[in-house]
Amino acid sequence: MGFGTGAACAIQLNSSLTQAEKELYQNRTVIQDILQNTRTIAMIGLSTERQKASYFVATYLLAAGYTVIPVNPKADAILGQTSYPDLRSVPVSIDLVDVFRPAADCLQIVQEAITCRARAIWFQLKVIPFSAAALAREAGLATVMDLCVKMEHGRYHGGLHAAGMNTEIISAKRAQPQGRL
Amino acid sequence: MKAERTFGFDTRMVHAGHIPDAATGARAAPIYQTSSYVFYDADQAADLFDLKRYGHLYSRISNPTVAVLEERLASLEGATGAVATASGMAAQFAAFMTLLEPGDEIVASSHLYGGSVVQLTYTLKKMGVIVRYVDPTDLQAWEQAITPRTRALYSELIGNPRGSVLDIQAVAGVAEAQRIPLIIDNTIATPYLCRPMDFGATITVYSATKFIGGHGNSLGGVVLDSGKFDYSHFPAIAAPSPSYHNLRFFDTFGHYGFLMKVRAETLRDTGACLAPMNAFLLLQGLETLSLRMEKHVANALTIARYLEAHSQVDWVAYAGLPSHPQFDLAQKYLPQGAGAVLSFGLKRQGSEDVRLRSKRFIERLQLFSHLANIGDVRSLVIHPASTTHQQLSDEELEACGVGADLIRLSIGIETEEDLLWDLEQALRALSS
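Same order as they appear, the protein sequences are chains A and B. Numbering-wise (this note's numbering), the first sequence opens with residue 1 and increments by one. Numbering-wise (this note's numbering), the second sequence opens with residue 1001 and increments by one.
If we strip away everything but chain B, and leave its shape as in the complex, we get:
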């Protein structure tokens, strides 16, 4: 038998990163609920702290249950490795903290999750980092926003909530020409629908809370690296690090250098590590990722088509519909489906405030859960203008791509007809 085999996605989903251990043979990944690990001897302790031997020493840095999730995600992503974090916000922050120095700049898509915009605009600013936002669909805008201090490009593959799709290959080309990494937040697509590294992305980040875990029960995030970027000219990774005895991470760990620095320095210092119990729950979800995503995207496309054809609906934004401006890009990068998050607006009726009308619609829904999350097996709904963005004026909402009429749906895996029934009864109630 040949020992070399390239295993398929579904096999990796349930096996990668976990070989049953010699001591117990436990088939499910054990939950290592421990803060720390006993050393064999003083030399081993010193070597572990010095990164000269591999191994666990404290769960803020690494943990055996978390390591299963990390390797499994790296395997699914086609990455060289991964570092798990407490949440998706912590994951992207870890990537930025590891790459950026005060005075550095990043160029970011303006079609980002609102929480990311706040983190980039205000928290990175506190670190002396300048963020330039561009329309992600405008390749020239990416090129023009780059300065000699630009250290990374950042975008979601599928923008939240408008569903814009990034032309990864083109933007990766811009990044490559400038010898800077392209960082992609691939939360909405998951590695099942698209693997950004196959198209030139260097780093991907996820909120694993969403479709990866998939059950709305645990927060978590992950940073992954392709291992193909040459950091030798990138000072934050190549230069001696004063925070680790002048260690040169790229020199010492090669293609693992970036991730080793994320773990040994950024995770050490921010403390935003993933808890072992959450890693276990996320792993449990991950084992059915492909099965869930098939149903998520099938339901989402049906609902997008239904809404687009509905007389009460003004517009639908879903890249799986030919009416979407990036439909062609979605066909290229997301051939199995454009994710399961979509947004739409209700038609204005007479003088009724569209915010009130959207609110009335949401309150009539029986099966969609009204909450602030996406990527649950259950269908979810939120009206950003009356909740997360309620303090903004109509003009400010339009500027960040969230109109006063925008309703966001995250489509679950319920029976398709039941979701259609729910939307229909809520839409009918509007006209009564």
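Looking at chain A on its own, in the form it has when it is part of the complex:
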């Protein structure tokens, strides 16, 4: 089947965000912009364990063609990628900071993300740090909260559809050719 980016409705999600918060932090245009314009993703709290959610996401994002930089002080390398203890130690420029850490750690992460001039920050499912997210937005970072970057990418690139999930994307336009996934 084809994949596309046609008009879409809000997906049914068990999110504690209000409608107004969803418009700020789960905005479809912001998400598509991040997915399209990101090359390098720093994953804060990427686990070394194969059955952890973050490991699934990293595997997927690497396969999707992104450069993934693990940020985990307890690891030297994850999935063949050199790991760094914190954002400031990462020697290349970062487009997206993807956060797999508890809400309490997020303020500091946002401050570091601002310092290293990341374009966007993404707090994964169930990571809901309101004040940190507000700070990120004020600093001009595209900000997403309580969603999964893998699921959202899969929503627009056919993966979620293949798994029988409701992408809520409806379009009669012929899909554009896509890369491997």
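The hints are simulated quantities; they were obtained by calculation from the structure and are not laboratory data. Any given hint might turn out to be false.
Not everything, but these chain A residues come out facing chain B in the computed CB check (under 10 Å) [what the hints assert, rightly or not]:
#1 R50
#2 S171
#3 A172
#4 R174
As the structure is a prediction and not an experimental result, all values here were calculated from the model. No residue lacks a Cβ here, since even glycine has one placed at the ideal position from N, Cα and C.
Once you've looked at the hints, dock chain B against the given chain A.
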């Protein structure tokens, strides 16, 4: 132009789940008649088996044609996703197998399709699962049947064949208070007449063979999940799964966790997958669901009224009639119509056995097909007491809500007057 739009039911019915593919632009959903899918490389193969990338690897687990049906049904249902199965029986079994462990219990409505009763009573028992049946119209009975081992509540929205309507909102409240899912078999209503998740149901199951496919040509089923239930305390979905490298489905896939486990474990192990050709035929039927249902329910209400007024008819059970005990619930949950399945009994005449009388009536019908199914575009009739339930005594039949005199009709989309003509000529023949 704003990219956000909430599309209507009829638009979803013909578009959801299928975007024309880049390679061919085929407008109709292509039939991917293949068992398996070539990998790009060894890494992709490993990642697919590990659920770390999405994609098709073997049609027992997923198939592109089946995926169109799955997403379309999820879209129509307001669900987070769907898993299609070989039949409706396979769908409910997949839901149970995924949620239940030996020693667990479920509380189920006693007004179920006979095949479901047998599956719950005997086959689930073999798995060590205990089923407690309750009168679905008795809210207290639901509450009282729940024990610390109860893992789910199960009911049909419109009971087959007596047409009892479940007070979904009330029973969903009971389930929510116990933090267990309410599973609804919504086969008779279809998502066009009622979407149980809008009233608090967690999981819905369908026999897609019936009104969804609608043409009596393909078996199929589907399991859907609302995505709103918190499975974090539900061991079967949250705990590490020994059958998938100790994967924690809820942790890893969040609101997709239940459905991912249905697909990756239950479908993998039971093999009860939907064939791509059947998925195509069910999709073809689904594209006219709203149009068919309008005619089905309009015909059904006319016939229910006609039968109720007929001197040869003793009683009619159809929730669209004010005489039905759940008429008010039908008005609330099924405002567009109470489905197209109804049952009735003939008046006893002298000493004639009512089974024989019902048999004579069915044999005189010219336009109703005598067979064991519901939800065909053609009208159908069956007399459970002389067919599917013939080995039961009159007392046993009464106990399961199927009296010796019960005749079940599934009303099709034929010309209304022709159906009335057929019933009238068969009823007249009884008195001659």
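How the hints compare with the structure:
The interface hint given for R50 (chain A) is met, as the beta carbon of that residue sits about 8 Å from the closest beta carbon of chain B, less than 10 Å. At its closest, the beta carbon of S171 (chain A) sits 5 Å from a beta carbon of chain B; the interface hint therefore holds under the 10 Å criterion. With its C-beta approaching chain B no nearer than about 7 Å, A172 (chain A) sits inside the 10 Å limit, and its interface hint holds. With a least beta-carbon distance of about 5 Å to chain B, the hint placing R174 (chain A) at the interface is held under the 10 Å criterion.
In summary, the structure agrees with every hint in the numbered list given earlier.
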